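Going line by line, the protein sequences match chains A and B. Take 1 as the starting number for the first sequence in the numbering used here and just add one per residue. Take 1 as the starting number for the second sequence in the numbering used here and just add one per residue.
One or more of the hints may lead you astray.
To be verified - Under 7 angstroms between C-beta atoms, here's a sample of chain B residues computed to sit facing chain A: (1) W41; (2) K42; (3) L48.
Bear in mind the hints are in silico, worked out from the structure with no lab data behind them. Keep in mind it's a predicted model, so treat the numbers as computed, not measured. Backbone N, C-alpha and C fix where the C-beta goes; we use that ideal spot for every residue, glycine too.
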Amino acid sequence: MTTYTSDNPSLLDPEFMARLDQLSLVSRKIFAGKMRGERITKRRGESVEFADYRNYVMGDDLRFLDWNIYARLERLFIKLFLQEEDLHVSVLIDVSRSMNWGRPDKGLYARKIAAAIAYIGLINFDRVSLYGYANGLQYELAGVRGRRLMFKAIEFLTRLEYNGASNLAATGKQFAIRHPQPGIVLILSDFFEKGGYEDGLRMLLSRRYDLYAIQVLSPEEIEPDLVGDLKLTDVEDDDTAEVTVGRALLNRYKQNLRAYCEQFKEFCTRRGIAYLFTSTEVPFDQIVLSYFRRRGLLK
Amino acid sequence: MQFLAPSTIAIAAALSIPPLVALYFLKLKRNVRVVPSTLLWKRSVEDLHVNSPFQRLRSSLLLLLQLLVLVAGAIALGRPMFQTAQAQETTNVILIDNSASMAVVEADGRTRLDEAKEQAKRVVDNMSDEAQAMVIAFCDRATVESSFDSDKAALKRKIDSIEQTQSSSTLSEAISLAEAYAQNQVIGGEDLGSDVAPESAAPDASVFLFTDGRVEDTDEVAVEKFDVGRMRVVNVGKRMDNVAIVSMDARRRYEQPEILEVTALVQNFDAEPRNFDAVLYVDGQTVDVQSVSLASGLPSEGAPDAASGRAPVGSIRTVAFDNIEFGGSGTVEVALRIDDALSTDNRAWTIIPPPRRVSVLLVYDANPFFNPLDATLRVLPIELKTMTPDQYEAADDKVLTDGRRSAFDVVVFDQHSTDRLSQGSYLFFGGTPQIDGVTAEGIVDDEVIFNWDETHPVLRHVAVEAVEVFQWRRLRLPPEAVSIVDGASSPVLAYLARGPSQYLIGAFGLIVKDKDGDFRYNTYWVHNADFIVFTYNAIQFLASNIATSGTMVARPGQPVTVPVPADADTVVIRRPDGSTDKVAAPSRQTLQYARTRHVGVYEVSPAVPGHGVFAVNLFNPTESRIEPVPALTLGAGEVSTLAASIQVNKPAWPYILIALLAVLVLEWVVYNQRVFV
Numbered sequence: 001m002t003t004y005t006s007d008n009p010s011l012l013d014p015e016f017m018a019r020l021d022q023l024s025l026v027s028r029k030i031f032a033g034k035m036r037g038e039r040i041t042k043r044r045g046e047s048v049e050f051a052d053y054r055n056y057v058m059g060d061d062l063r064f065l066d067w068n069i070y071a072r073l074e075r076l077f078i079k080l081f082l083q084e085e086d087l088h089v090s091v092l093i094d095v096s097r098s099m100n101w102g103r104p105d106k107g108l109y110a111r112k113i114a115a116a117i118a119y120i121g122l123i124n125f126d127r128v129s130l131y132g133y134a135n136g137l138q139y140e141l142a143g144v145r146g147r148r149l150m151f152k153a154i155e156f157l158t159r160l161e162y163n164g165a166s167n168l169a170a171t172g173k174q175f176a177i178r179h180p181q182p183g184i185v186l187i188l189s190d191f192f193e194k195g196g197y198e199d200g201l202r203m204l205l206s207r208r209y210d211l212y213a214i215q216v217l218s219p220e221e222i223e224p225d226l227v228g229d230l231k232l233t234d235v236e237d238d239d240t241a242e243v244t245v246g247r248a249l250l251n252r253y254k255q256n257l258r259a260y261c262e263q264f265k266e267f268c269t270r271r272g273i274a275y276l277f278t279s280t281e282v283p284f285d286q287i288v289l290s291y292f293r294r295r296g297l298l299k
Numbered sequence: 001m002q003f004l005a006p007s008t009i010a011i012a013a014a015l016s017i018p019p020l021v022a023l024y025f026l027k028l029k030r031n032v033r034v035v036p037s038t039l040l041w042k043r044s045v046e047d048l049h050v051n052s053p054f055q056r057l058r059s060s061l062l063l064l065l066q067l068l069v070l071v072a073g074a075i076a077l078g079r080p081m082f083q084t085a086q087a088q089e090t091t092n093v094i095l096i097d098n099s100a101s102m103a104v105v106e107a108d109g110r111t112r113l114d115e116a117k118e119q120a121k122r123v124v125d126n127m128s129d130e131a132q133a134m135v136i137a138f139c140d141r142a143t144v145e146s147s148f149d150s151d152k153a154a155l156k157r158k159i160d161s162i163e164q165t166q167s168s169s170t171l172s173e174a175i176s177l178a179e180a181y182a183q184n185q186v187i188g189g190e191d192l193g194s195d196v197a198p199e200s201a202a203p204d205a206s207v208f209l210f211t212d213g214r215v216e217d218t219d220e221v222a223v224e225k226f227d228v229g230r231m232r233v234v235n236v237g238k239r240m241d242n243v244a245i246v247s248m249d250a251r252r253r254y255e256q257p258e259i260l261e262v263t264a265l266v267q268n269f270d271a272e273p274r275n276f277d278a279v280l281y282v283d284g285q286t287v288d289v290q291s292v293s294l295a296s297g298l299p300s301e302g303a304p305d306a307a308s309g310r311a312p313v314g315s316i317r318t319v320a321f322d323n324i325e326f327g328g329s330g331t332v333e334v335a336l337r338i339d340d341a342l343s344t345d346n347r348a349w350t351i352i353p354p355p356r357r358v359s360v361l362l363v364y365d366a367n368p369f370f371n372p373l374d375a376t377l378r379v380l381p382i383e384l385k386t387m388t389p390d391q392y393e394a395a396d397d398k399v400l401t402d403g404r405r406s407a408f409d410v411v412v413f414d415q416h417s418t419d420r421l422s423q424g425s426y427l428f429f430g431g432t433p434q435i436d437g438v439t440a441e442g443i444v445d446d447e448v449i450f451n452w453d454e455t456h457p458v459l460r461h462v463a464v465e466a467v468e469v470f471q472w473r474r475l476r477l478p479p480e481a482v483s484i485v486d487g488a489s490s491p492v493l494a495y496l497a498r499g500p501s502q503y504l505i506g507a508f509g510l511i512v513k514d515k516d517g518d519f520r521y522n523t524y525w526v527h528n529a530d531f532i533v534f535t536y537n538a539i540q541f542l543a544s545n546i547a548t549s550g551t552m553v554a555r556p557g558q559p560v561t562v563p564v565p566a567d568a569d570t571v572v573i574r575r576p577d578g579s580t581d582k583v584a585a586p587s588r589q590t591l592q593y594a595r596t597r598h599v600g601v602y603e604v605s606p607a608v609p610g611h612g613v614f615a616v617n618l619f620n621p622t623e624s625r626i627e628p629v630p631a632l633t634l635g636a637g638e639v640s641t642l643a644a645s646i647q648v649n650k651p652a653w654p655y656i657l658i659a660l661l662a663v664l665v666l667e668w669v670v671y672n673q674r675v676f677v
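Isolated chain B (complex conformation) (with noise of 0.2 angstroms):
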């Protein structure tokens, strides 16, 4: 038995019992009636008086029956509460996942996250009125949805405001969030000049995790000044019954563009084998219904891959729809048509952009040499232009650029290093861009090629050991330059990716003078296939990013880049539910949109061709796999789960109250049968 008001006992109880009390030192005033005779109501009296076992008591019973309802009363003010609950601290904190796999809708038709509010209140209704909560929701970032409080509506409001994601659940953040604010509190609370070190004012706080505990980050967790001990799992859910599209691809044939081949990777993680259909459909028509078998998605006993935590064989299967003929652009969506726990993950999709055609400019000195890097991009399915470097110079803006970006998709440098590079992709051959950071100095000719990152996608199917470069520059880079092939002292190919530019930076030219002045080879890969190759997935990588690709896709809660048209001011994008955001748009052409939480498509107006539409899905086997993990394992150690729910300390003054009201029913029984003379 705990009290909420325990003070209000002492106060109901001052006030009430010692005027009851005076009262009895009051003699009762009584109605005079006359009768012919006292004799016979005398005797009674003292019959009734010899006859009462207890007739000393019987006045005083009286009192007593009033003492005790009065002090029932007080008790009852006091809000005493059945201890059912587990003792809690004065500070609480509530953390509650609200990432996508909390929508699991469960047998008695709430959503985990409807579960998890539920038991969350409980928790706030059990403090005593002295505790305070401070209320966390957590996906892939955390929010503090109220700070320390002590006003429960007011709590409990804010635990019912938050919002279903379908984000990942990450929680790293929520937790640094949470010790930072109980710190706060404990160094808050201290009265200045203490002795108290602020670092060693460890907060004493209870801390209830409502998870299904699909968290992505477990390992990462760092609790450090919350005990561990106080740290409780309340495990919300039971179903584990979902299939979920964990990838798709929808791409169009290089070579053929205008065929449109769609993929999906779809996974069952129920315990049961599942067989339904996947349809596909572009801009809302059905196009393709493939029928998908899945196997049990629990590792059977025994089998190899049990304890590698891999997918058992046959629970996850591409799904390879028919090769579609589709000129235009639109948004293809793919559909599991199947009831299962969760439905974020039953449909995903992808921004077609029209087929076009790779733009790439070449600069290069045209010389009575055969040239390399003409050859190899006049065979590649692009649209070719090619410039001299005096020309790329002297060129009108309006030709090279588009607004503020670059008129190609890709544009490629022979031996020319330049300053005039708008925003867009950069492929340089012995030359640099002539940017902050990048430097070139002296030539590297007595080293051979050290190392690469071969699963770098500009390396696919490169088999750069049998590469041979005479010499390179010696490239200065600033750190956000990522190397791709290194030399013993310096890079000879580097990525370098800066605001909306990309910048390819081969440091060693295909043709290059020699002492005497003539031109000759600085490497022979170029007669190799390998070097289309490379070429090819140069073009690709660099293209891919913005110009090519236009499948502007993303997971829930990352934020997406729009490129907006050049003389928009705001932007209005329209969320999968319906509603619409108004964003100003900055300068610089492209805005940051953050607000992607759920998945579907969103469209933006105005917008720059082929950027209109971009889609969020969820992706995430994490958060597909919907069975609740038994045990959280944080990085700081095992948190101990709730076996039961979350009891809620019941109130004990209604059963008080009827005590009460029998001790009053009592009082007037033994009031009407009281005599005393």
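Just chain A, same shape as in the assembly (with noise of 0.2 angstroms):
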């Protein structure tokens, strides 16, 4: 059995992490967030950056009132303010035995991921939260803000270990029931769900959560390497198909693999979730400072 598992993964370098202090966490939709963070949310606050007038009404704070417009025309105004919020940023890495696999192996790959965006969102003061997910939710660091927790992050990213088969469905409906603050949320896999990937993404989008679907997949899954009579073992269940791989049956996998993400991706951007495919072989900073950059998570 040949697992593809890097033993001493190092997710940030110091030199990439500089870079990464220029880039902050993007919403695609304005959050109401529970704490008052560096974020413009759409609720008027008391920032110093002023939105609008009102006019006043019963129980208005007081401290509100322009005086001065009430001087030159004896009626009484609020002043709106922009309020800024924090921003929640969820990263749900799949941790199932599937994803400890590949050359470069999908599952540091994906952990490399979820430390960039966990680092943007903790310099930024966002409110992270790091998930190891397989047949649930599993492995879980909640809340963390603030740039000396990267640590904890780091830690607990290099803490996962991989077991299960994923389970999405389930870890969806867990995820966005203690969830319900709005937030983005990313969800770093191969999406090979045998029971399927819709029912899970359909929980998170009951939260309206600014979604992001991150597939990963090896090389050695998108360009197969097999040949000849083989019985396949599901790294995952220990399911088995027996094969001959030929040239015949090779197209018609790339091809159904092809058609798969095609549909996952129709799926996602039918319901406003941002899909992105990867390769483990596109060079992970790539990723993050080119690709993410462009679909406007980062900026």
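Both chains are sitting in their own frames, so use the hints and assemble them into the complex.
Dropping the structure here:
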């Protein structure tokens, strides 16, 4: 049995971190956060940035009356200011056994992306939650904030272990229940769900999260190097498939893979989920620095 | 399509197909590989199953293809042949003509014999493994090269070993031989106690006759056992351009023995007229050259001699060389300077003995009467010696004999019977040789000469009808004696050859005593010139056979009687091709040498003087007429001639192997695309 894991994963190097310092996470939706943060929200609040006026109604805080207008017009207007709030960023990392596979390793690749996102979130005082899921949420680092907690995030990501089969439906349900507040949710997985990815994503959509589905596949999955009479064993559930791999079957496999990804992308696009496909061959920094920026996740 | 080894197919199929099918019942052992997800693989496999219209067939298609490969292999092992040749019996008789005309070099540079061998080998190739064939080569006699055999390689070797001869071709012996062998084969093949009587067991054989059709005895061939319908003549050869020396004569003038006259009869068998030189060699030296022009050898249409089979006028010509003065002995050769298809008949040889006179001993009673024999012999160009009967009987052996042979070429007895007859030639008048079977009883005096053989050499230019003989002795002769002149009840003149000796016996004396004891002529013939001619003929006839000629000339294949010196145990004969034969000489002081199948000069050593050389010449217009006979008519009927040459059953297994390879490639392709879970 071949496993394609790297034993000494170095999730982020300082040089790369320095480049991430310039970046911040952007949500395509503006959410009302729990705590005041560094982001402008829809809610009018108490920042120094003026937003609008409105008529005074009974009960309004007198501190926000615009006395200058009252002096000129003798009417009471309330000054409205933009409120800045914090942003919830959740990263769901698939830690099912199938992620512990490939060269480069899919799991490590996913964790590196998670680390980068977490780092960017933390340095911008966003609320960052990291989860490892397989058959439900299994590892959790919830609601960390601030650059100083970056070490925690790294430690959490390093600690993740692969086990079980992935079940996105159960995971989505669990996550949605526990996270009523909106925010950015990134899912890093190969999305090879025997039970289907649709239910899980629908659960998450119900909470109006800004969803990013990042499909990570290894080169061996995209261009399998199998040939001959084989008994293929599924690393997650030990399911077997007896195949005779020839040109026709390989072509059919690639065709199916393409169709599967297209279908997944279609599903995501229709529901406003940002879909991102990557092979672990693509340099990880390129994904973060270039691809995420193009897709508007980072600026 | 026929199979040379049909049983092999069944064996090969039985050995290979069940294991293959059994293998298919065994589960394929697969390598285990771990993948992150079997999701897409299963889906792909299902897709392929759904998309392939023959997906049910697909898994069994491999088995089918592999079965096909095995079946093809088994069939190839059965050595299938494309049936281009005619079907053959299990018993085949191959008769190959190796006579002189088969030496013709055809346009492709091969001789007719080569071509015949080639085609005969094709017949062998076409035989199934169970079939057997015998090979007979025939020329003037038939030789069984191989009796019935089914070993093809051996048969082909035997066919290859057939040697070209320069003999004439006769077929009847070959057919009889083949029939006898085939008959034995049938009888031998019967189970013991079978009801089939040997006589009725007709051999079921195919007879292949490879010849150019120039067979001398086609009328005499009796096909008794074989089915003529099953006989096939394979005609070989196409060329017909040949000019031949059909006979040759070299003789000394009787009156001037040192003068040699050489003539040769040459004939053109070609359709085109031919011009060429005929060269005369004596002992290898060119002596004379004559230009010869011969007309076309094919009778022109409408010519009167077209149907008679006689050679057209001008196509046959006697070449007379200038007389040469040649005192010694030697070999005379005539050679035609011409490039034609058959070279064997372009040369002819004859052996010239040194000039010498015939020695004759006359044994007669010297009586007061004029003896016509003595007088006649004295005018002939011979060496004459005379003796009385008493002297003859009393003479020392050394006088009369040379070894066991007579010291004289001819001994003439007048009115004397004797048993002192060594090997030699004898002429009796009124006496008899006292040898077995020859007796003379009583006198016939009331008959006339009744019949005579005017073609006999001794009666040449003799008017027997004018001869009147008053009385003769009633001769009783053995059956082999030839009567030349007959009376009503007994021969008057007869010839008897016995072993190396020959006797010309005249039953009448020339001068007889009458009742009164007076001598009188028994015939007035002695006064006639005819008597001199007769005596001349008789001496020449008796002397030429052994003594005078010495020109021993034979046809190819004919045995030659070679005199050997009395003290020689073995004789070495050097053949024309340079090889030598060592032959043991029997005590009779002559030997029969039969290996004369090749034309040319044969040298004998040690030899009796004058008998050291003999020549073998083809002199056979049948063989020299090399134009193949399109249809061969044997005594029993016309034998079908195969229009084309024998077709070889082409082996089909290479094609089957190619098909097998193709199926194998297809199998590989299917294997690489096949999918099943």
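Structure-based check of each hint:
no., hint, in the structure
1, W41, "holds (5 angstroms)"
2, K42, "holds (5 angstroms)"
3, L48, "holds (5 angstroms)"
Taken one by one, the earlier hints all hold for this structure without exception.
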